[in-house]
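Using the hints, position chain B against chain A.
Chains A and B, in that order, give the protein sequences. All residue numbers for the first sequence refer to full-length UniProt numbering, where the first residue is 1 and numbers rise by one. All residue numbers for the second sequence refer to full-length UniProt numbering, where the first residue is 1 and numbers rise by one.
Think of the hints as simulated: they come from the structure by calculation, not from any bench. As the structure is a prediction and not an experimental result, all values here were calculated from the model. The reader is advised that the hints may include incorrect statements.
Any copy will do: because identical chains look the same in the list, a pair fits if it lies in one copy or spans two.
Claimed, not checked - Here are the computed lysine-lysine pairs in the DSS-like style, where the Cα-Cα straight-line distance is at most 30 Å:
{"id": "1", "residue 1": "50", "residue 2": "81"}
{"id": "2", "residue 1": "19", "residue 2": "74"}
{"id": "3", "residue 1": "239", "residue 2": "81"}
Protein chains: 2
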Amino acid sequence: MFSFELIKESKECKARLGKIHTNHGDIETPIFMPVGTKATVKAMTPEEMKELEAQIILGNTYHLYLRPGHELIKEAGGLHKFMNWDRPILTDSGGFQVFSLGNLRKIKEEGVEFRSHVDGSKHFLSPEKSMEIQNYLGSDIMMAFDECIPYPASREYVEQSIKRTTRWAKRCKEFHENTENQALFGIVQGGMYEDLRRESAKQITDIDFPGYAIGGLSVGEPRELMCEVMDYTVDLLPKDKPRYLMGVGSPDYLFEAVERGIDMADCVLPTRMARHGAFFTSRGQLTIKNAKYKRDFGPIDENCNCYTCRNYSRAYIRHLFNENEILGARLASIHNLFFLINLMKSIRISIKEDNFMNFKKEFYDNYGY
Amino acid sequence: MFSFELIKESKECKARLGKIHTNHGDIETPIFMPVGTKATVKAMTPEEMKELEAQIILGNTYHLYLRPGHELIKEAGGLHKFMNWDRPILTDSGGFQVFSLGNLRKIKEEGVEFRSHVDGSKHFLSPEKSMEIQNYLGSDIMMAFDECIPYPASREYVEQSIKRTTRWAKRCKEFHENTENQALFGIVQGGMYEDLRRESAKQITDIDFPGYAIGGLSVGEPRELMCEVMDYTVDLLPKDKPRYLMGVGSPDYLFEAVERGIDMADCVLPTRMARHGAFFTSRGQLTIKNAKYKRDFGPIDENCNCYTCRNYSRAYIRHLFNENEILGARLASIHNLFFLINLMKSIRISIKEDNFMNFKKEFYDNYGY
Numbered sequence: 001m002f003s004f005e006l007i008k009e010s011k012e013c014k015a016r017l018g019k020i021h022t023n024h025g026d027i028e029t030p031i032f033m034p035v036g037t038k039a040t041v042k043a044m045t046p047e048e049m050k051e052l053e054a055q056i057i058l059g060n061t062y063h064l065y066l067r068p069g070h071e072l073i074k075e076a077g078g079l080h081k082f083m084n085w086d087r088p089i090l091t092d093s094g095g096f097q098v099f100s101l102g103n104l105r106k107i108k109e110e111g112v113e114f115r116s117h118v119d120g121s122k123h124f125l126s127p128e129k130s131m132e133i134q135n136y137l138g139s140d141i142m143m144a145f146d147e148c149i150p151y152p153a154s155r156e157y158v159e160q161s162i163k164r165t166t167r168w169a170k171r172c173k174e175f176h177e178n179t180e181n182q183a184l185f186g187i188v189q190g191g192m193y194e195d196l197r198r199e200s201a202k203q204i205t206d207i208d209f210p211g212y213a214i215g216g217l218s219v220g221e222p223r224e225l226m227c228e229v230m231d232y233t234v235d236l237l238p239k240d241k242p243r244y245l246m247g248v249g250s251p252d253y254l255f256e257a258v259e260r261g262i263d264m265a266d267c268v269l270p271t272r273m274a275r276h277g278a279f280f281t282s283r284g285q286l287t288i289k290n291a292k293y294k295r296d297f298g299p300i301d302e303n304c305n306c307y308t309c310r311n312y313s314r315a316y317i318r319h320l321f322n323e324n325e326i327l328g329a330r331l332a333s334i335h336n337l338f339f340l341i342n343l344m345k346s347i348r349i350s351i352k353e354d355n356f357m358n359f360k361k362e363f364y365d366n367y368g369y
Numbered sequence: 001m002f003s004f005e006l007i008k009e010s011k012e013c014k015a016r017l018g019k020i021h022t023n024h025g026d027i028e029t030p031i032f033m034p035v036g037t038k039a040t041v042k043a044m045t046p047e048e049m050k051e052l053e054a055q056i057i058l059g060n061t062y063h064l065y066l067r068p069g070h071e072l073i074k075e076a077g078g079l080h081k082f083m084n085w086d087r088p089i090l091t092d093s094g095g096f097q098v099f100s101l102g103n104l105r106k107i108k109e110e111g112v113e114f115r116s117h118v119d120g121s122k123h124f125l126s127p128e129k130s131m132e133i134q135n136y137l138g139s140d141i142m143m144a145f146d147e148c149i150p151y152p153a154s155r156e157y158v159e160q161s162i163k164r165t166t167r168w169a170k171r172c173k174e175f176h177e178n179t180e181n182q183a184l185f186g187i188v189q190g191g192m193y194e195d196l197r198r199e200s201a202k203q204i205t206d207i208d209f210p211g212y213a214i215g216g217l218s219v220g221e222p223r224e225l226m227c228e229v230m231d232y233t234v235d236l237l238p239k240d241k242p243r244y245l246m247g248v249g250s251p252d253y254l255f256e257a258v259e260r261g262i263d264m265a266d267c268v269l270p271t272r273m274a275r276h277g278a279f280f281t282s283r284g285q286l287t288i289k290n291a292k293y294k295r296d297f298g299p300i301d302e303n304c305n306c307y308t309c310r311n312y313s314r315a316y317i318r319h320l321f322n323e324n325e326i327l328g329a330r331l332a333s334i335h336n337l338f339f340l341i342n343l344m345k346s347i348r349i350s351i352k353e354d355n356f357m358n359f360k361k362e363f364y365d366n367y368g369y
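If we strip away everything but chain A, and leave its shape as in the complex, we get (with noise of 0.2 Å):
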């Protein structure tokens, strides 16, 4: 069972309200989904994910296709079960991860050979390799596998690079088989070039999936670069289908993207953060290595009303990660995560009640950007 329902557009600009269901659970939209790379949200326990109102969260095929391996999570049940985590999954293909390996990997029409980053061992990722791969995990969402092309890219490049994600799109459908439970989302390229991305919406949209995502955003390129793509993008989805941002997860990005008419972004970005010390607040980013804060007996972010906030002074966190104290990385964790995850909430309401882009200004005044 998947369905995507569009509960509103907003007056202001292309934001919109809806809500996904899934076999496990629904999930509203605009959402931003944390990313447990291989198998766990980095430092949390699916309890604490709920008690931030996580609503769904991603899990990453190449890492855990090497380890512990897809074979081993299916007889565990499932990644669900294997983790301990009965809300919505979505699992992203593995492209992303295979291309980012550079001269370890050799890419052919028939998929991608690689070296693994962590033993050097041989392997083959193809779209019915990756199907297969999600079908085991069994995530609630897939995505097809695709080309992430990084930036810049020639124009030549692009052209040949996105008839080919096409055709492997085309093959991640005919190979997925439990499409009762598990949708797949297929993935608009295109590079940094208008007519490029309109040829490959057409194709993609054309091949007909229950979402779509554009890919090969935030890949380096400027803000404004990614917004200029985004807003003809966006166009050429079809309205009823949930759009998917790839790896974005900074207050600033969501906030373009939302603004865009994107429901679903990703990022791991919160919880990596998080492990260095660094915090979101709505005053903007805080170091929290930083000697000013050795006798600063007051919260995080005085406006924040998460566990961490609530509890513990900047003085302790400090203390903390300089002990190299793994607490220290908890509660930065659920400090950053709540914060995105309450950021969309607010975005969500400020939809509702059309006032999104009032929101928006007063979070960019007080963030600083």
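Just chain B now, with coordinates in the frame of chain A:
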């Protein structure tokens, strides 16, 4: 406020049931006290410690003095407030860590000169300084500054050392100010020499403290020798005061100590083992990285009712450890702490029912001791 209530003496052995009353709540004895070296029980939140029914935790004077500093913790409102723990705390004197520094320290009558293991800076710890630090930390139970004698040690050395420990104990009692809220325990030394233990016990109990510790055991000597020293040392301590065996935390040592009349014990063992993927189970120790657990979808311990065993498989936890995921250390810490805390709870019940010796035998048989 501090008092000890002797509730019951076993008919089978010297084991006893009691209750310690402090400003931050009561402690049922015999009790295992988890260690929170640097103002955090590693990988755990205070709420999780409460869920495990931890009644008291330890803080380490040496570490907290060096970082973040006892003045800072005092400014924060004391250790309880700094780390968000409102149940009892016991702090050691710093002596054990300082004496363990080897050639980085120099013992004088006045105190011990040492260099920080962190940055090599010069420091001086004395009975008075240790009291000042512990007063600043605001622990419910403080320990006198003593010399923990290594094993083996010559008779001559031990003779000199216990005299100094007595002189230092007197200076501690004289300097300690906050006697109303912080109970200062004396420590009996004497190495493995019965007459010197007798002499030290006489001198330390003559000073009159609200509780007594047996120091200098579990420092590398065989278990039989430790038991032998306990056999005669416990009898030298008053019945109406709590007796604390320092640095003991393996299940067998806890049984042996309780059998001989010990009321309190502490150790970093459960959390340290946890971070290395080693688990206590009712059938002995389990090392999760062992290949045989790769496809083992059962719990760590089928007889365990902890959060970890209720929700996760050996295969999943093994995966977390192979990937160095923080959640692995968390789940292992929860399990090992639950195991020891719950073991002591069962031991208390067995004493109440005059079934301790049976319970011990059964446990040893299953554990493989």
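Residue 239 and residue 81: within-copy, between-copy, both or neither at 30 Å Cα:
neither (33 Å within a copy, 53 Å between copies)
Regarding residue 19 and residue 74, is the shortest C-alpha distance of 30 Å or less found within a copy, between copies, in both, or in neither?
within (29 Å within a copy, 51 Å between copies)
Measure nothing new, just compare the shortest in-copy and cross-copy C-alpha distances for residue 50 and residue 81 to 30 Å and report within, between, both or neither.
both (16 Å within a copy, 27 Å between copies)
In this structure, only the earlier hint numbered 3 is contradicted, and the remaining ones agree with it.
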